[in-house]
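Throw the hints in and build the complete structure from the sequences for me.
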Amino acid sequence: MGISVSNISKSYKDVKALQNISFEVKPNELFGLIGPDGAGKTTLFRILTTLLIANEGEATVAGLDVLKDFKEIRKHVGYMPGRFSLYQDLTIEENLNFFATIFGTSIEENYDLIKDIYVQIEPFKDRRAGKLSGGMKQKLALSCALIHKPKVLFLDEPTTGVDPVSRKEFWEMLKRLQQKGITILVSTPYMDEAALCDRIALIQDGEILQIDTPENIVKQYPKTIYDVSANNMYQLINSLKAYQHKHSVYPFGEFVHYTDTRSDFNPKELKTYLEAQNLSNISIERTQATIEDSFMELAK
Amino acid sequence: MKIIFYIIQKEFKQIFRNKGMLPIIFVLPLLQLVILSNAATFEVKNIKFAYIDNDRSSSSRALIEKFEASTYFNVLTNFPSEAIASSAMLKGEVDVVLEIPSHFERNLQKEKRSNLGITINAIDGAAAGVENVYVTQIIQSYNKHIKTDLMQISDTQIRPVNIDTIPLFWYNETLNYKTYMVPGILVLLVTMITLFLAGMNIVREKEIGTLEQINVTPIKKSQFIIGKLFPFWIIGMGLLTIGLLLARLIFDVPMVGSLLLMYAYTSIYILVILGMGLFISNFTDTQQQAMFIAWFFMVIFILMSGLFTPIESMPEWAQILTEFNPIKYFVEVMRMVMLKGSGLMDILPQLIKTIVYALIMNGLAVWSYKKTS
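Residue numbers (full-length UniProt numbering), protein chains in the order written: chain A, 1 to 300; chain B, 1 to 373.
Quick caveat, the hints were computed from the structure, so don't treat them as lab data.
All values derive from a computational prediction rather than experimental measurement.
A hint or two may mislead.
Unchecked claim - With a straight-line Cα cutoff of 20 Å, these simulated DMTMM-like cross-link-like pairs (lysine to aspartate or glutamate) come out:
no. : chain 1 : residue 1 : chain 2 : residue 2
1   : A       : LYS137    : B       : GLU205
2   : B       : LYS370    : A       : ASP65
3   : B       : LYS371    : A       : ASP65
4   : B       : LYS48     : B       : ASP124
5   : B       : LYS206    : A       : ASP65
6   : B       : LYS19     : A       : ASP89
7   : A       : LYS75     : B       : GLU212
8   : B       : LYS370    : A       : GLU72
9   : B       : LYS144    : B       : GLU105
10  : A       : LYS131    : B       : ASP124
11  : A       : LYS13     : B       : ASP285
12  : A       : LYS71     : B       : GLU212
13  : B       : LYS371    : A       : ASP69
14  : B       : LYS19     : A       : GLU109
15  : B       : LYS2      : A       : GLU109
16  : B       : LYS13     : A       : GLU93
17  : B       : LYS370    : A       : ASP69
18  : B       : LYS2      : A       : GLU93
Unchecked claim - Label-pair ranges, simulated between beta-carbon atoms:
no. : chain 1 : residue 1 : chain 2 : residue 2 : range
19  : B       : ALA40     : A       : LYS68     : 23 to 31 Å
20  : B       : ALA40     : A       : ASN55     : 50 to 58 Å
21  : A       : ASN7      : B       : ALA318    : 53 to 61 Å
22  : A       : GLY63     : B       : GLN9      : 43 to 51 Å
23  : B       : GLN289    : A       : ASN55     : 26 to 34 Å
24  : A       : GLY63     : B       : ILE242    : 49 to 57 Å
25  : A       : SER4      : B       : LYS220    : 24 to 32 Å
Glycine residues also receive a C-beta, built at the ideal position from the N, C-alpha and C atoms.
In structure tokens:
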């Protein structure tokens, strides 16, 4: 009852949006598609939700073929597009009722599924959707996508433009939905959210770089990473980039993530180099790789 | 059925919540009906008339009095010379200049004939034509009058032969332009509002992204389309009703024919327009595009509908084109039924063409509406 994608390709005229994409999402799995803007995440979502027809390849959702059984699929999937796309001039309750009706159900029938989410916005149920805050809009959109008790839930960048507290809440909601037996495919450009998924696919320029659990992806990171910091961030980055043995240099919060080409790298040597570049307060510490580091390494 | 009903309910809610659109839908069209019906007439009145009287005789004064007595002419002034009259016309101060030659009276008495010079500003050709007819009528009636005056006893044997025509204007006896225009303008309003609203409606869902959300639901194409368009069908019929009431109350337009027939025809006609609107919205991505395309067709349809200019006077190719103009049929039917009292059999050709049109238009619209791209 999960999702299976094999060799899907899609191009818009000359632009190849997806190239030979294959992956499996197991039933009841929370699967993340992680990639930057323009990687092809939305195109893939549109193909799987039967809104778009792929040029090549096959895909099934909940065991149903996206081409042959598209009508059946539409009954069993919930889709929350990246852009808020509910009726701004209808109230919360009217929006929810509307989607319940066109799915041939009612709010009461599946209330238990959306209860956790809906109770948070229920006090405002007579407010028009256009007047809601970002976090509330997102909860309403999720409620609408869940109202017909879908087997598979597609969430296209659900947390883009949402504040950190709401984002955290949202992921907690997803975890709870997963426990209710719903397969969830979620896309996000935020690498920190990737760690919350069961498995993730790193995607860039229409190609999948790697598919694994977040832990394994981090474990497979081939190098040792050092957090480097100094008094002048900009000069630090430039100096590191100019260093002859550098492998990769990326700013990461208040640090710079540095990897070296040599296996017998000695941090003291680097410190001496940086001091010669007029930098002070230098600290070089070993650190754990993150999904972001893996992504940057794979996307190189 | 429940789904269609719910979509209709939702559409009406959205229409009535859109505070900007409500007056556009209901108030502006009626204002247009009142203003246009009063303004759009082919009658030419208050013609600025001046004359150059070189004769200064009792006959010439009698002729000018005739013009003064007419309600169409505003006799402004007597120009001393032709040159001054010409420059006044150039400035737009006068529309018609009558030049009475010297010896006008003497020639009439001696030779039984005389010439008059008429200059008409013909920038607006249609108005100039009408003005010419008015001038000719006045001179003719003056002519008859003068003949009897000048006739001498010896002439009485020779009776002048005069053929008089007495026209009877059927279906609109007083040639009241409002009677003629109101049904036509009513047609325009019903068409314009329904086409624009229907054309923009589905595009709007595309623009705000709700169409994508709808498309992943198991809703059937037909359910969605009927649910979306039915409210505009109702609005179209509502506009017709209000328009007919105004026509009756304000303009006192006769309604000879069957109201039921008018409603029956309109109910089918609106389907053509809704189909057209949906078709347009299927091929556009923004409301702006839809609006422009709808407007383009609207202008052609209006100008080629026979509402303002008779179709009979169009070139042949244009007449063939008007066969594809739904507004033409609607204008014809409304005028026929309202003013002439035509029955079902009389409007059958138009009715059949409209039904075929509705089937084709809606067929195309449903076929081109795709839930998957």
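Here is how each hint holds up against the structure:
Among the hinted pairs, LYS137(A) with GLU205(B) is consistent with the structure: their alpha-carbon atoms are about 18 Å apart, no more than 20 Å. The straight-line distance between the Cα atoms of LYS370(B) and ASP65(A) is roughly 19 Å, inside the 20 Å bound, and the hint therefore holds. For the proposed pair LYS371(B) and ASP65(A), the alpha carbon gap of about 17 Å is at most 20 Å, so the pair holds. About 14 Å separates the Cα atoms of LYS48(B) and ASP124(B), which keeps this hinted pair within 20 Å; it holds.
For the proposed pair LYS206(B) and ASP65(A), the alpha carbon gap of about 26 Å is over 20 Å, so the pair is violated. Among the hinted pairs, LYS19(B) with ASP89(A) is consistent with the structure: their alpha-carbon atoms are about 11 Å apart, no more than 20 Å. For the hint linking LYS75(A) to GLU212(B), the alpha-carbon distance of about 15 Å falls within 20 Å, and the restraint holds. For a cut-off of 20 Å, the pair hint linking LYS370(B) to GLU72(A) stands: about 17 Å separates their Cα positions.
Among the hinted pairs, LYS144(B) with GLU105(B) is consistent with the structure: their alpha-carbon atoms are about 15 Å apart, no more than 20 Å. In summary, the hint linking LYS131(A) to ASP124(B) is not supported, as the alpha carbons are separated by about 55 Å, beyond the 20 Å threshold. The straight-line distance between the Cα atoms of LYS13(A) and ASP285(B) is roughly 18 Å, inside the 20 Å bound, and the hint therefore holds. A threshold of 20 Å between alpha carbons decides the hint, and for LYS71(A) with GLU212(B) the separation of about 15 Å falls inside it, so the pair holds.
Taken as a hint, the LYS371(B) and ASP69(A) pair is honoured in the structure, with Cα atoms around 14 Å apart against an allowance of 20 Å. Our distance criterion of 20 Å between C-alpha atoms is broken by LYS19(B) and GLU109(A), whose separation comes to about 35 Å. Restraint check: the Cα-Cα separation between LYS2(B) and GLU109(A) comes to about 16 Å, which is no more than 20 Å; the hinted pair holds. A distance of roughly 13 Å separates the Cα atoms of LYS13(B) and GLU93(A); the hinted pair therefore holds under the 20 Å criterion.
Taking the CA atoms of LYS370(B) and ASP69(A), the gap is near 16 Å; set against the 20 Å cutoff, the hint holds. Proposed proximity of LYS2(B) and GLU93(A) is supported: the alpha carbons are some 18 Å apart, at most 20 Å. For ALA40(B) and LYS68(A), the hinted distance range of 23 to 31 Å is not satisfied, since their beta carbons lie about 58 Å from each other. For the hinted restraint 50 to 58 Å between ALA40(B) and ASN55(A), the CB-CB distance of approximately 56 Å keeps it satisfied.
Take ASN7(A) and ALA318(B): their Cβ atoms lie about 56 Å apart, and the range 53 to 61 Å holds. Look at GLY63(A) against GLN9(B): about 35 Å separates their beta carbons, and that is not inside 43 to 51 Å. Roughly 27 Å separates the CB atoms of GLN289(B) and ASN55(A), a value that falls within the hinted 26 to 34 Å. In this structure the supplied range 49 to 57 Å holds for GLY63(A) paired with ILE242(B), their Cβ-Cβ distance being about 55 Å.
Taking 24 to 32 Å as the suggested C-beta distance range, the pair SER4(A) and LYS220(B) conforms, at roughly 28 Å.
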